[in-house]
Amino acid sequence: MTNTAESTRSVVIERVFPHPPEKLWRALTESTLIAQWLMKNDFEPVSGRKFQFRFDPMPQWNGIIDCEVLIVDPLKQLSYTWGALGLDSVVLFTLTPAEGGTHLRMEQSGFRPDQQQAYGGAKYGWQKFFDNLQRVLTEGAA
Amino acid sequence: MVFDVKPASRNRVFHALADPTRRAIFEELSRQGEQTVHALTHFAGVSQPAVSKHLTVLKRAKLVRHRRDGRETHYRVQPDALAPMVDWLRDYSAFWRDRFDRLEALLERMDP
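Line order of the protein sequences matches chains A and B.
Under the numbering used here, the first residue of the first sequence is numbered 1, with each subsequent residue one higher.
Under the numbering used here, the first residue of the second sequence is numbered 1, with each subsequent residue one higher.
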């Protein structure tokens, strides 16, 4: 397992789908379509709207993920908060036209962007912290 | 399936590291090895009670551990301190890879 500063801060998944951005956008923003690949939901593509994803309940978890829409930039960006198991994270989808289709990037960050922003310019900014973290993790594994 | 239901420990780690002073203290400990509360107070540039409070939060998150030596308390980074964070990243990586596969299948089924 390789740890980079980027992967330590967040989960990033990227893929090129051989479909136009319009189609991908529908799959990301229409509730019934979202349910077919992600989870049951009451999503609406309106900034500020609160919604829920519903996962199968588990012994220690009711399976509910509380979300709030942050960014709806048609065909380009979609972002919402993702609150599950006591932790608020942020999911950000970015669509970019690619040869023969659309490049989709999903980044889920364990820290809210406002935190990153607030501390970004500080002496102990996140980037520096995670660079060091990587070193700690590497040494820990050795 | 993918979600490892151990929220409390993970949440404590994220919460503890969301504060810049605590992050700086944790970083200093991982860089310098074991430090006394005195040394950490000098480093952080805040009052000793404030540093002690921060250390308590880090301790509860199991990010650091301490030992007493006479009147001094020494702190150091707990091995595997960041494991809950690494688990979180691993769980969600698996989850999203699986969902992207489903998305790909859905796009094939959808009308153009």
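Bear in mind the hints are in silico, worked out from the structure with no lab data behind them.
Keep in mind that a hint or two might mislead.
Which residues of chain B face chain A? A few of them, derived with a C-beta cut under 10 angstroms, are [unchecked claim]:
#, residue
1, K62
2, R67
3, F95
4, R102
5, A105
6, L106
7, E108
8, M110
9, P112
Just so you know, even glycine gets a beta-carbon here, dropped at the ideal spot from N, CA and C.
Practice task
Please write out, lowest number first, the hints stated earlier that are contradicted by the structure.
Solution key: 1, 2
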